[in-house]
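Protein chains in written order, with numbering that gives the first Met the number 0: chain H, 0 to 381; chain U, 0 to 363.
Since the hints were derived computationally from the structure, they do not count as laboratory data.
Careful, some of the hints might be misleading.
To be verified - Pair ranges (Cβ atoms, derived): (1) H:Gly5 with U:Asp349: 30 to 40 Å; (2) U:Val28 with H:Gly197: 35 to 45 Å; (3) H:Gly36 with U:Ser78: 53 to 63 Å.
What the hints assert, rightly or not - No more than 30 Å apart at the CA atoms, straight line, and that leaves these computed lysine-lysine pairs for DSS-like: (4) H:Lys8 with U:Lys1; (5) U:Lys316 with H:Lys223; (6) H:Lys185 with H:Lys223; (7) H:Lys222 with U:Lys316; (8) U:Lys1 with H:Lys123; (9) U:Lys217 with U:Lys240; (10) H:Lys222 with H:Lys233; (11) H:Lys185 with H:Lys222; (12) U:Lys251 with U:Lys263; (13) H:Lys123 with U:Lys357; (14) H:Lys324 with H:Lys257; (15) U:Lys250 with H:Lys9; (16) H:Lys244 with H:Lys223; (17) H:Lys69 with U:Lys357; (18) U:Lys357 with H:Lys8; (19) H:Lys123 with U:Lys316; (20) H:Lys69 with U:Lys1; (21) U:Lys357 with H:Lys9; (22) U:Lys266 with H:Lys123; (23) U:Lys357 with H:Lys75; (24) U:Lys316 with U:Lys263; (25) H:Lys123 with U:Lys263; (26) U:Lys266 with U:Lys251; (27) H:Lys75 with H:Lys9; (28) H:Lys186 with H:Lys75; (29) U:Lys241 with U:Lys251; (30) U:Lys250 with U:Lys1; (31) H:Lys223 with H:Lys233; (32) U:Lys1 with H:Lys75; (33) U:Lys316 with H:Lys69.
All of these numbers come straight from a predicted model, not from anything done at the bench.
For glycine and all other residues, C-beta sits at the position ideal for the given N, C-alpha and C.
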Amino acid sequence: MINSLGINKKPQDTRVVVAMSGGVDSSVTAALLHEEGYDVVGVTLQLYDYGKAVERKGACCAGQDIYDAKTIAEEKGFPHYVLNYEDNFRESVVDDFVESYMNGQTPIPCVRCNQTVKFRDLLKVAHDLGADCMATGHYIQRLENVETGQAELHKAIDETKDQSYFLFATTQDQLDFLRFPLGGWKKDVTRQHAERLGLLNCDKPDSQDICFVPNGDYASVVKKIRPDAEKSGKIIHVDGREMGKHDGVIHYTIGQRKGLGIGGGNNDDNSPFYVVKVDPIANQVVVGPKEALARDIIKMTDCNWLMDIPEDGMDIEVKLRSVSKTAPAKLFGGANNSAEIHLHAAQYGIAPGQAVVCYHDTRVLGGGWIISSENSQMPLVA
Amino acid sequence: MKSIYLDYNATAPLRSEVLELVTQVMAQVGNASSVHGAGRCARKTVEIARAQVADLAGVKPDQVIFTSGATESLNTVLSAYRDKKVLISAIEHPAILDSAPQAATIPVTSDGVVDMTAYQALLISEKPDIVAVMLVNSETGVIQPIQEMAMLARNHQALFLCDAVQAAGRIDLNFNELGVDFMALSAHKISGPQGVGALITRDGVEAPKFMLGGGQEKNCRAGTYNTAGIAGMGLAAELAKKNLSTYDLVKKLRDYMEDYILQKTNKAVIYGQNAPRVGNTMNIGLTGIEAQTQMMALDLDNIAVSSGSACSSGSFKPSHVLTAMGADEQAAKSALRISIGYATTQSDIDTFLESYTKIIERIK
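Let's have the full structure, built from the sequences with the hints guiding it.
This is the structure:
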């Protein structure tokens, strides 16, 4: 008998480690699987010093999420453990985040966290505990292809909750072991279950922003670790004019329009300025008109694919930001986990450090990290 | 599923006789400092316990001061040395480490024994006012050469504080033979109640005042007597001494457990194996799997063990004891402490070994 997690065992003989953040989604995941009779083991990761991160003296809310996860496990009656992953998290996520900004890039720490701390380190723990699989509360679907027998990654049914952009780096081996019970649901179904199951945190708001960055102020996190990050330099126009001064490249992201610190100055045609390049070596920020941002060729590195790329490339849809819609493109594989995307229509504000995630309809094919981009119609600026 | 408790060094299960006595005493009203009959009755209970604890340590009753536990006992002594020269070993309990942050540290050998050559050099270079070293390490069970160390300290005009918490009830304990000036004991490590301990002082040496606000314990330690706890500690001390010989059986179980694992895998290492150890403690590293994962796996099978000392296991850092012994961080993070005692049976050990074998097999 194949159980609801796709494993040929009785639920009570199936050990499933559930990664519990303390939020609604993962709490429902754990409580539901426990209700179904699975041998659920809840695990919550302590990723950073909560008190320090929110900079509140004796922060009484410190570790509230951990407390919530623990309480749910106690009430429902399944074991729960807190793993101190502060070191792993700093090494794999925070340091990379800071380095990325220092290199003039715009990182996505959530992908790194899924890729390393959760699906590498925690997954190993799940294996070591003799678990049959590991479940999370992510909104994404793992569907088994009946023809190939291969587990595939698909967008969530609820497009507004879809987290596939943040999970493109999931490898096939990881995917084989992972389960995402909420991927087939709309968020309100999850909330209804949370209420039915009496989960104390069912009214908790969804988490926003980057968990270790209080109030979205990423620059202060970078400065804390790299006090040299605020070296002032020049802001120049793509045509070479000097426009003003900046107080550290970390404050600038490609495509940024507001808060450039160069007054209300405009291009010759009165259109606003955009950041078109962040150059940490020359310590310069380059601004220009919107057209200077147009790119249709994207070079990617450290790619992860959940399928084989044909030699002559393949037609796909691509997502360059978590919030943007997919756009048609052609994907070409390269050596050493590199790849190239040719967009049918140019896009604006493509920032190195961000992810390119490739889809075929709802299926996530994989993706990679942007290292550079070009415009096939125009010679490169700056 | 029956739960199996193999974490005696964190806290040992209460002996039934002790539970009975504590409950009985707790039911009686009376403050041991009061002059009336109820007070005198409580006082008598305290004094009986004092004699029992004194007997365990081989001292006179008036050398025993009751405290809230070994942490308080150690804090009390070191509170008088905050601006003075203190010498401690690298493998002390946090109750020592944190009360003497200024202390110079004596290294230990890879077997987990204090490095005597380094100690002698430090006595000369540091000229300490006090030396604090534990008799038995809580994580490895390794016995330290306290008698020799205390003698050397005296030759250098330094007093000696000995944390004997993990030694009591496991090896013969004689304060005077050891030649120390202060000794800390804890009730719950000898199957007594939690929240009570003792500080033993050399005849004629006064304990520093730490708890203020009352004239109890001959003005040495303020605070209402924990009469029931103290009674429990007394009886636990008496039983610990009486049952010392049964520790041979405990040691047999421990050795069996170690031999079994070492035969099963070459990835295991036993810390302190070549040093003199108490018979109840096994500290075992297993390359390739973190101790916190091993602990979880065992806990899911209802087996209680610990990684490092319980006080530090909330945050998962490699044990300072093992790193002081030269274990690298990764190795130290893979070490479990299994500590057994009077109620441990062969069947407990077999169940543990079965569960532990599953862990070994997962890393193959």
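In rising order, the numbers of the hints this structure does not comply with: 6, 11 and 15
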